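2 protein chains.
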Amino acid sequence: MKTAIGKKQQILKAARELLLEVGYESMSPAMVLKRSGAGQGSLYHHFSGKKELARTVLDEVAGELKADFIKVFQNDKLTPVEKLDHYLAGPRQGLNGCKLGRLANEKAFVDDELRVSIEQYFKFALAEVRKQVEQAVADGLFPDDAPVDAIAHLVVASIQGGYVLSKSVADGGAVNVSTSGARALLKAYQT
Amino acid sequence: MKTAIGKKQQILKAARELLLEVGYESMSPAMVLKRSGAGQGSLYHHFSGKKELARTVLDEVAGELKADFIKVFQNDKLTPVEKLDHYLAGPRQGLNGCKLGRLANEKAFVDDELRVSIEQYFKFALAEVRKQVEQAVADGLFPDDAPVDAIAHLVVASIQGGYVLSKSVADGGAVNVSTSGARALLKAYQT
DNA sequence: GTCTATAGCTCGATAGAC
DNA sequence: GTCTATCGAGCTATAGAC
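Protein chains in written order, with our numbering: chain P, 243 to 433; chain F, 243 to 433.
By construction, these hints were calculated from the structure, which means they are not laboratory data.
Bear in mind the structure is a predicted one, so any value in this text is a computation, not a measurement.
A few of these clues could be false.
Heads up, the list lumps identical chains together, so a pair's fine if it works in one copy or across two of them.
25 Å max Cα-Cα, derived DSS-like pairs, lysine-lysine [stated by the list, open to error]:
id, residue 1, residue 2
1, Lys292, Lys349
2, Lys373, Lys429
3, Lys349, Lys293
4, Lys373, Lys255
5, Lys429, Lys250
6, Lys250, Lys276
7, Lys255, Lys349
8, Lys365, Lys313
9, Lys373, Lys308
10, Lys255, Lys429
11, Lys319, Lys341
12, Lys250, Lys313
13, Lys429, Lys276
14, Lys341, Lys276
15, Lys373, Lys276
Using the sequences and the hints, build the whole thing.
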């Protein structure tokens with residue numbers, strides 16, 4: 243018999259919110275406990291420490307983002323170029339930042355095991371986008387000499403860079419302007 | 243008569259390095275003092291605190307980056323599209339991240355006066371890139387109906403997002419792959 | 001499994017001698 | 001203008017009762 247909602251889930255929920263709101267370095271265990279309503283003991287009973295808590299949340303988030311991805315790209319009624327367009331179309335909330343990409347520059351993610359969560363997600367995303375670009379070339383939608391890897395990187399970067407612009411100029415819409423630029427150029431790129 | 247190199251300059255140099263290496267939240271005054279060889283008193287004599295120190299460094303950096311920008315875009319022998327291509331060509335060191343954009347997601351930059359340094363830089367960058375895109379349309383190099391603002395955002399985002407990818411997958415080259423994608427699409431966009 | 005209490009440390013900033 | 005000494009607060013983690 244399962245408990246209604248255990249402290250572990252409340253702690254995970256609070257940590258997920260805080261990782262998006264303030265990032266990893268600025269998220270203290272004390273903040274997590276206050277928001278979740280749990281005591282010190284609960285956190286360190288369920289997790290070895292802050293790092294493992296964050297790692298658990300990030301792996302969950304990465305899995306969800308991958309599922310969103312697959313949902314768009316498995317629609318067999320769309321051409322590869324249409325799938326890329328749908329993926330870019332969003333819309334996105336720029337002031338939050340990407341749940342994973344927003345953490346990439348933090349010190350704890352440089353040499354650390356924490357980075358593997360976001361690394362695996364972005365490698366997956368780049369590979370999925372690249373597949374669509376390759377298919378577009380194979381279908382004659384994009385030029386034969388298209389630099390598929392570069393275009394895949396650009397597609398993902400238009401989102402991540404858009405988030406950086408949104409944060410920098412405090413304009414939640416900037417990320418959607420950026421992706422609309424990518425959509426316009428990809429549309430014109432079709433042969 | 244000027245002192246050889248005052249403690250103030252040594253502190254600024256150390257802070258500049260640390261802001262690029264570890265970011266703002268993770269840069270403690272103690273680290274700045276250790277690297278610069280100065281004592282506590284020197285830092286708080288020249289600056290009101292950590293925030294003003296960072297603000298001073300970021301304004302300096304923003305000024306330098308703006309100057310680099312102008313150097314590329316004032317070359318009268320290049321077409322607007324060639325200027326954009328030169329700007330994107332870099333190359334860039336992805337593992338460092340953008341000296342300003344890498345900070346955009348930190349908590350202290352959300353509601354804070356610190357953000358104005360990077361906001362002003364990105365607004366300047368977006369405006370400069372947009373001018374080139376507009377000129378390209380005026381010169382008949384880009385289509386008449388080109389979404390100039392969206393393309394300008396995309397150009398800047400291809401760099402910032404490329405840096406995020408480089409950090410995330412621990413591959414310093416990813417940012418240059420991303421910008422090469424933008425270059426390819428812009429080249430093909432010409433009428 | 002959850003709680004409170006507290007340890008040991010580092011944070012950003014201040015005091016005051018020279 | 002530079003230094004050392006130190007403050008109060010908050011950090012991550014542990015101890016141990018229930």
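What are the numbers of the hints that this structure violates, sorted from low to high? 4, 5, 10, 11, 12, 13 and 15
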